[in-house]
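A.B. asks: Sequence:
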Amino acid sequence: MDGPTWEEFAARVAPARTLDLRLERADADGVAVVMPVTPELLQVEDRVHGGVLATLADTAAVYSLLDGLEDGRTLTSIEFKLNFLRPALAGRGDVVARARPVQRGRQVGLAEVELLQEGRPVALGLFTYLVVTPRAG
Numbered sequence: 039m040d041g042p043t044w045e046e047f048a049a050r051v052a053p054a055r056t057l058d059l060r061l062e063r064a065d066a067d068g069v070a071v072v073m074p075v076t077p078e079l080l081q082v083e084d085r086v087h088g089g090v091l092a093t094l095a096d097t098a099a100v101y102s103l104l105d106g107l108e109d110g111r112t113l114t115s116i117e118f119k120l121n122f123l124r125p126a127l128a129g130r131g132d133v134v135a136r137a138r139p140v141q142r143g144r145q146v147g148l149a150e151v152e153l154l155q156e157g158r159p160v161a162l163g164l165f166t167y168l169v170v171t172p173r174a175g
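Numbers given in our numbering equal positions in the sequence shown, counted from 1, plus 38.
Hints listed in this document are in silico derivations from the structure and should not be mistaken for laboratory results.
The C-beta atom is built at its ideal place from N, Cα and C for all residues, glycine as well.
Be aware that one or more of the hints could be misleading.
Said to hold, decoys possible - Listed next, with one range per pair, are the computed distances between beta-carbon atoms:
1. Val82 - Gly143: 21 to 29 Å
2. Val82 - Gly131: 17 to 25 Å
3. Asp40 - Ala128: 18 to 26 Å
4. Thr76 - Arg50: 31 to 39 Å
5. Asp109 - Gln81: 38 to 46 Å
6. Gly106 - Glu62: 16 to 24 Å
7. Asp84 - Arg50: 40 to 48 Å
8. Gly157 - Arg111: 30 to 38 Å
9. Gly89 - Ala49: 40 to 48 Å
10. Leu148 - Asp65: 32 to 40 Å
11. Ala66 - Gly129: 28 to 36 Å
12. Asp40 - Gln81: 20 to 28 Å
13. Phe118 - Arg173: 34 to 42 Å
14. Thr112 - Asp65: 38 to 46 Å
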């Protein structure tokens, strides 16, 4: 990847640190980001909270789109859709977000994200971002 290292990225993205996310893979096909399932992330019936899963997916999507982004430019969310297929549960291991860029445009980026636990799909989503140029002065 040509963008920031995972360590540089996570240093600027608080949820990546808070959720203890780690990069498992980054290559031309996209990224895989891993989230350990801890008691603090659970709601009723030992299910991982949907908002936490959305944060994992969003973080992986952004990182997958940073490769080749012009210096100083950033991404901000326009919209996302995340379909939950089955619950992510305590005691079943980490949740892995596999994100791949679908479109890297000058103004808009689109990424597809699949969340997996024990190799089984938990959720599937599309994430759209506006490419932002920093303000001068």
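A.B. asks: In ascending order, which of the hints set out earlier in this document are inconsistent with the structure?
C.D. replies: 1, 3, 4, 7, 9, 10, 12, 13, 14
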